[in-house]
Amino acid sequence: MPRKKRTTKSRSADAENARGARPFWSGTLTFGLVSVPVDLYPGQRTVRAPLRMLGPKGEPLARRYFSEKTGRDLEDDDMVRGYEVDKDKYVIVTDEELERLAPEQSRDIDLRRFVDLQSIPPLYFDRSYFLAPSDGSEKAYKLLAETMQKSDLAGIATFVMRGKEYLVAIFPENGILRAETMRFADEIRSPKEVGLPEKKKLPAATVKKFETLIKKNSDKHLSLKELKDEKTAALLKLVEKKRKQHKDIVEVEAPERDQGKVIDLMEVLKKSLAGKRKAA
Amino acid sequence: MVGKAQRNRPWWLEDGSETCPACGHAYAYQTEYRCLACDGAVCGMCVVRTVEIEVSCPTCVVPSGAESDW
Amino acid sequence: MAARAIWKGNIKINSTKVPVKLFSAVSDKTVRFHILDAKSKTRVKQHMIDPESEKEISSEEIQKGFEIEPGTFVILDKEELEALEPEASREIEIEQFVPPQEVAPEYYDRPYYLGPDGDTTAYFALAEALHKQEKEGIARWVMRKQPYVGALRAEDGHLVLVTLRNAEEVLSAKDLPKPAGRAPEKKELSMAKQLVELLKGEFDPKDFKNEYRERVMEFVEKKAKGHKPKLRLVKSKRKTASLDKVLSKSIEALKKKAA
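Residue numbers (numbering that gives the first Met the number 0), protein chains in the order written: chain C, 0 to 279; chain A, 0 to 69; chain P, 0 to 258.
If you're looking for bench data, these hints aren't it; they were derived computationally from the structure.
Quantities reported herein were computed from a predicted structural model and do not represent experimental measurements.
It is possible that part of the hints are untrue.
Here are the simulated lysine-lysine pairs, DSS-like style, with alpha carbons at most 30 angstroms apart [unchecked claim]: (1) P/K7 - C/K208; (2) P/K131 - C/K236; (3) C/K88 - P/K208; (4) P/K131 - C/K149; (5) P/K28 - C/K86.
Build the full structure now, drawing on both the sequences and the hints.
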């Protein structure tokens, strides 16, 4: 069987979706009595150019797990997760137990409150995901997205994913629902907890001075060049230079990857939004 | 190599989007630890547990099973 | 107990400097699990091996390479990688000030409180000026040998610096097709709007409790004592009534509750 050539483009695809077309979470979005079955996918990817670990001859290395105690190599089935209740004493907790601990929160995102998106302090935002309609829920999905788009609102709820409960804000962007996980109130410290001094009386002139500085350096729009990943760009430049000079280049027979096929996150999302992904 | 067992890998063993600065491992974001001293991200394999050091006087420190001289 | 500062630096706007200390604003409450060997219930370790020979490769022998084509790597040595690291600096350089809505939620990453490091007047004056002008500063700095971009904000009179993700990291909905399917009808839209209006309120994170965390801890404690708590099976309940029927029922129910 001829080996498929991977293109540079597909290699830059997110590793987070190396798990394939499977969504991170599947469940039901509800508002009032309306329920919208949805699939949740990552809304961000890591572009930091991944460097591979190679051996002395340039051979790609593989990661292996082993027992600290017995030194024995471990396969996936030989490993579990445990909570450390005492020094070196663990209670094993399975993924299934974690899911059964809160059946409702594991399956439903119940939008019980809608708030002005701009009123959420950015301190709370954690990580971004996209929701795609599933099980023929396109109509209800579009209804919710369009209703929220018009009013610049975000629906607030909690849900459980990967054994953890999240506060989540759901809001539309270009007709698609974004789910932004947030930290809970007790996960954000207060200035007092941090030990910051309290505000004191200020000379009006000093405030004015800073206001003038702000005005002088203000722009209407955020310049996107500020958000460019310069470190990766520098790395890629160095790689390109060495490639042209044929310096430090090793060729090995490309082995099958441990992680399997890398799938383009955008492609998965596009299929999912077009309703071409069969519900599990 | 990419067999059935691989596909059924629990999510906490799968390759993720984050790169551990200590070991280069691509771990899932949801398994990430943060260093208490510098807030830097680290994977679950590399995280080092530190214990709060409590200061006690010799009277209070009695090794378990040992008789105190005091 | 007051938190420990993780970094010190100077906010720099043109030639004006404000000395600050950086503190993590996050207090992680995640229930942490460790990966264990199922048989011995002890911690798992990892090492790198050559998959051909199954031989362990020590960390001193490991090289790093960038794959330019399948099976072809450009090796980058330690010195070359170190040369790519940004120059260490104590300056948090403000590049521009923008209205807060210019930064979309998906860009915000990790929040830090800034505290004054000496000059408290300049610190609080900057916080007040940011609040009055309703602006966010876009800052650049180098910390832990990494370049960072962040948003400098005022929160309740104090300065906060939230790190921002790279533009390349964030997927944009603009690059995605609109979901397939029929557009909602006018009547449905007006009912949905009414429903959402009834559910409108203030954002108060204190209204939402992480009950799940407590349930997990309770379960772990019971198991630690040797109990085997029974857990019920997950059943998904999906309703299949028509949209406008469900909408009007929801509105009725909410209006009754409010009355």
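Cross-check of the supplied hints:
no.: 1; hint: P/K7 - C/K208; verdict: holds, 24 angstroms
no.: 2; hint: P/K131 - C/K236; verdict: violated, 43 angstroms
no.: 3; hint: C/K88 - P/K208; verdict: holds, 29 angstroms
no.: 4; hint: P/K131 - C/K149; verdict: holds, 28 angstroms
no.: 5; hint: P/K28 - C/K86; verdict: holds, 19 angstroms
Hint check: a violation occurs at hint 2 only; the rest are consistent with the structure.
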